[in-house]
Amino acid sequence: MSLVEAKDLTKAYGGREGGESVPVLSKANLEIAAGETVAIVGPSGSGKSTLLNIIGTLDRADSGQLLIDGRDIERFSPKEAAEYRNTTIGFIFQLHHLMPQCTVLENVLIPTLAIQKGDRAALSTRAEGLVEAVGLKERMHHRPGELSGGERQRAAVARALINSPKLLLADEPTGALDRASAERLMALLLQIHREHKVTVLLVTHALDYARQMGRALELRDGKLVSAALD
Amino acid sequence: MTFWTVIRRGITHYCRTHTGVVLGAALASMVLTGSLLVGDSVKATLCIEAMNRVGKAGSAMLANDRFFRATADPGASPDLASASGGAPVLLLRGSVTRADAAARVNQAQVLGVDARFWKLAPQSLDVTPAGFVLNERAAQQLGVKAGDRVVVRIEKPSAFSRDAPLSGEENQVVPIAGNVERIVDDGQYGRFAMQAGQVPPFSIFVPLPMLGQRLGIAAKANLLLVEDPESSHLEVIAGRGWRLEDAGLQLRKLDTGGAELRTDRVFLDPEIGAAAARQPGKRVDALTYFVNELRSGDHAAPYSIASAVDPAPSGFLPPDLKDDEAVINQWLADDLSVIAGAKLKIRYFVMTERRQLVEKEREFTIRAVLPMTDPEVNSSWMPDFPGLADKNNCRDWQPGFAFDSTRIRDKDQKYWEQYRGTPKAFVTLRAGQEMWSNRWGNLTSMRWPDAVSLEELSATLRSNLTLSKLGFQFLALRAQALAATDAPVDFGEYFVSFSFFLLAAAAILTGLLFVFSLQQRNHEAGLLLALGLRTGLVRRLFLVEGAILAVVGALLGLAGAAVYTQAVLYLLTNVWSGVGGGARFVFSASGTSLLTGAVCAIAVAIAAMWLASRRQFQVSARELLAGSGKESVDASHRQRRSRFSRPWSAVVAVLSLAGALSLVLFDRSRSSETFFSSGALLLIAGLAAALTWLRRSAGSHVSLDSLSQLGRRNAARRPGRSLATAAVLASGVFIVVAVDAFRETPSASDRRDSGSGGFALVATSALPIYEDLNSSKARDAYALSDAAMKGVSFVQLRVRDGDDASCLNLNRALQPRLLGVNPADLAARGAFRFASAIDPASASGAKRAGDWGILDAPSFDDAIPGVSDETTLEYGLQKKLGGTIEYRDDHGQPCRVRIVAALEGSILQGSVLISEKRFVENFPAQPGYRMYLIDAPAGSSKEVANELSRALSDRGFEVTPAARRLAEFQSVENTYLAIFQALGGLGLLLGSAGLSIVVARNILERRSEFALLEALGFRSNQVRRVLYAEHCWLIACGLAIGAGSAMLAVWPHLRQRAGGFPFAGMAVLLAALAAGSLFWVWFATRVGLRGSRVGALREE
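For the protein sequence lines, the chains are A and B, in the order given. Our numbering applies: residue 195 is where the first sequence begins, and numbers increase by one. Our numbering applies: residue 892 is where the second sequence begins, and numbers increase by one.
These are calculated hints, taken from the structure and not from any lab test. Nothing here was measured: the structure is a model prediction, and the numbers come from that model. Incorrect hints may appear among the rest.
Said to hold, decoys possible - Between beta-carbon pairs, the in silico distance windows are:
no.: 1; chain 1: B; residue 1: T903; chain 2: A; residue 2: E225; range: 41 to 49 Å
no.: 2; chain 1: A; residue 1: D313; chain 2: B; residue 2: T903; range: 55 to 63 Å
no.: 3; chain 1: B; residue 1: T903; chain 2: A; residue 2: A381; range: 58 to 66 Å
no.: 4; chain 1: A; residue 1: D313; chain 2: B; residue 2: W1539; range: 48 to 56 Å
no.: 5; chain 1: B; residue 1: N1912; chain 2: A; residue 2: G329; range: 16 to 24 Å
no.: 6; chain 1: A; residue 1: E225; chain 2: B; residue 2: L1546; range: 41 to 49 Å
no.: 7; chain 1: B; residue 1: L1546; chain 2: A; residue 2: D313; range: 54 to 62 Å
no.: 8; chain 1: A; residue 1: A422; chain 2: B; residue 2: W1539; range: 49 to 57 Å
no.: 9; chain 1: B; residue 1: V1490; chain 2: A; residue 2: R388; range: 42 to 50 Å
no.: 10; chain 1: A; residue 1: K201; chain 2: B; residue 2: A1927; range: 20 to 28 Å
C-beta: ideal position from N, C-alpha, C; glycine also.
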């Protein structure tokens, strides 16, 4: 069974006040099986992030159908969408978006605040484990301002995993990192994929990193096609 | 990790960013709580003053013009003071001078007191003073200390009104000299007074025995104070214990048999007559009068006693004696050489208004001649006329009018020696009452010829009379004092009202700063949403953080509130010290006010943050994450709302403007509610119009031809932010401009329609003046210089003391001072200007034009028509036209005064005017005149004032230029206005601060934009010009909306102001406000655009 199943997704920007609309997705189709790692590549403005945002319910498609884990997320109420983001999805952004006032551990725990009930102690232990897993054990109680760019992004990865998501959405996570940090982050993502059996959907410009995924798709003229990475 | 951890971390991490929000909330809390504390403090001050004023006295019996028994001798027969265990007081008016005459107090309260009085003082005196005691105010005015010598001058009290005919010697002023033994402060009864007032009276306390003895009323008092707060208890005790002599009544056995009731007040009050008439048995009523002449033909007997007696029961007059018939005694028959059947002319004086004596005569036919041996031909008919009865030589008579002693013949003196006041002529009671009845009574004695015991008569009288009917007043002194502290102007509410716009400014600023903080943290909000936290939860998270900041701010504001209150109290204290008082305001803070202020400030701040942050959370997580403090929020919001909100803001503008204009044009009440409502509506209209314009500008595609146009378009980029800035500025400008327009400036006081009524001087006298000061007779009597008095005329007013209802008294005026005036005197001069009037005879209060004739008009429901100053009516009395005030007249009957017209701000502030005719009918015990409005030729008012002060010093005559009196009232109002203007100034400061914050914020947010301009070759000053253009537009908008709204809201007031519209002053004020605001823009721009911004491009 596919974890992600998108059919004829269409999305355009503009055109509300008589201006010309700019199509981003034109009947795009996508199918991702559970446990798969997929890279999406394409030039700037091709709609990679838009697709990721639609899958992550941060944006809505103009038309088409999108099933995640068999559920039509386009029909979600805001409450269902929030719950979906919190429990099914893990986001990693190009910028880490850590809360500067919170420590690394606290940042990792922030998604758990959306959970009404839960064993806080267990969550805390899990968060510590994740922080350790991303190599930030020594930095657990540091604030983002005291971390390097790579460390911040690894903290963001740990945060994305705290609620054991089925799907990890990574929107150019290496975009703001130097090469060494970027490679280390990619290694971490793959390690997480292996250890947590989490499906990874990576949006990237870097073909090297796309190649590390199980398969790569290119967004061209609003449609997803197999990418030629050679 | 919990929500509280996130909140706590947010507060500590962004503490610098939060400073503005905390300060905004602190300001709101300071203003709100401070305003309430001002109310608390004024109330506490009034309570302290009230308690100091009445001390331990709970209730009082005020005898007005009567004097009841009050002896300190425990062996004497029980009197009212001993029966009630109270303190008797002789409460009089007088003047006090220093022995060297270097200083004087014209209007002093003279109190005859003993140890019993001092025991009731708030802090009892350890030793009862045996000499004079002054209160602090009097001592300060006189510049005396303990041991110094002063002279107090008091009018010798008369048993009955000096206005009455035959009231005896005039103007008997008794000087009493003595050393000041001590000076008492407020806690030692220095503030004692029967009326509530902000300013304590000038008081001199004289030992009761000494004062009574010197005034010829030893062991008597006219005020009784008791501790029991229930005045009904005192009324019961006094009702049981009073004797006829306490009411000035005497019962005596007659030599001819039977008993007689008479009074030392000469005329028996109608109530007494009615009560005595209940005694069963034959009764002879009599009215005896001092006539000028008894004449028949060429023969005349001067100055004689004549009696009017009910002939049927008299037993000595023909029972069928007709009203045109007289019976004379043999002595007169011989003197006039007449016998029965001859004509007899009786000439007599009748006292008309202002002690004007009019001689009248009536002709009778002599019916019979009574022999001198007739037992009824005796002197017992003559009452104890003051100035007559106690004289041995009739040439020494002082009957109270111009008496020509040269007309007294030797035989008249012999008659006096032999027969004293034996009537020479008798007429019927009806004829006598037609000639000699007056408002004090129509009988001088009532006789019961048959054997009646005095005890039985006394019992009849006492059972049918009450002290209240005799004009005694029983006052719940403490309750009334406390009731008076319920100030007509709730200062708390007033300050909150005037702080409303400042509060709004603080709230807007708080909201603005909170939104800035949120915008800075957009990515946080976006992240939380992206992580699956629901919008409501994320918003709550930020709002709880804001609420905590509001609580911190509110608590800080409480400390500021104390400072704010102290500053206002300092200013208020200065007001009253400026108008001659010694009022001291105490600081007081009630828990309720602190809590209310803090909670309201927190609520206002949270509401502002809630309103301001709504839009922040109406955008998606993606936009928040992408925008992170940029303009995505506004852009997104605009896109969604523009189609709806543009007409919405235009509709609000039009509706608000229509509402405001209808209030301004059609609501003639000119009340503060109208002002605030129309002002708020106009501000809303202006701001809504500005919002509409901003949104139109944002969507317009006008070409950019200049940097100014670029700036103006920038102002429309964030309409909400721009509007908030303009709103804060407009609120401050509104208050400053509106309050300035209300400021009273002394108008031309010689104009009859001005507040001075065109009078040059206004005067009051401690002791009444009975004569018409316009008459040459009175001027001669007081030795007023003809030269100085040339062209001087007086409008004389009778005074019934009451509460000062002017703005100088913060207490509630329960029974304001009443002034009796001849309306024709003011009408002839066209004095003062009526603000509004209603038809006195109309129950519904139909409007009519105001004029002085309204005082003589018949009134609805028997209420006396009254006129008051509009300030008195609205604030002092808190009544509207048609409202009534309850009084008790001097006959002990309730009477109501209905306010039927209001004068514009005038020197008559604080009192209620009724017609003199109705005054004397209802308050006959208030003698003479004690207030004067004086016309004097231009340039001579000082000379006139000096002459009057000199000649009438014994009467405690105090003259003040009318313009100064008016200015005193205006100075109080102006001080309030200055305080409120300071609040407006604070609002403006906030507006300016907000403006500079917005400028700084705009520079920060758009640094890359300015960097780009710089990279494109723009010079720094050109970049600054863009910013100036953008923010000058906001300043212009704020000034125009604030000033325009203010001027329209106060237009009804300005239109009727004597000085017209203060265009020049307003222009200067607006220029100053604009300059201040421009400075802040300049300052923020200079600081914000320092150095090069090209680096910001690299950050992009």
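Results of checking the hints against the structure:
{"no.": "1", "hint": "T903/B x E225/A: 41 to 49 Å", "result": "holds, 47 Å"}
{"no.": "2", "hint": "D313/A x T903/B: 55 to 63 Å", "result": "violated, 28 Å"}
{"no.": "3", "hint": "T903/B x A381/A: 58 to 66 Å", "result": "violated, 36 Å"}
{"no.": "4", "hint": "D313/A x W1539/B: 48 to 56 Å", "result": "holds, 50 Å"}
{"no.": "5", "hint": "N1912/B x G329/A: 16 to 24 Å", "result": "violated, 53 Å"}
{"no.": "6", "hint": "E225/A x L1546/B: 41 to 49 Å", "result": "violated, 57 Å"}
{"no.": "7", "hint": "L1546/B x D313/A: 54 to 62 Å", "result": "holds, 57 Å"}
{"no.": "8", "hint": "A422/A x W1539/B: 49 to 57 Å", "result": "holds, 54 Å"}
{"no.": "9", "hint": "V1490/B x R388/A: 42 to 50 Å", "result": "violated, 57 Å"}
{"no.": "10", "hint": "K201/A x A1927/B: 20 to 28 Å", "result": "violated, 57 Å"}
In summary, the structure is inconsistent with hints 2, 3, 5, 6, 9 and 10 from the numbered list given earlier, while agreeing with the others.
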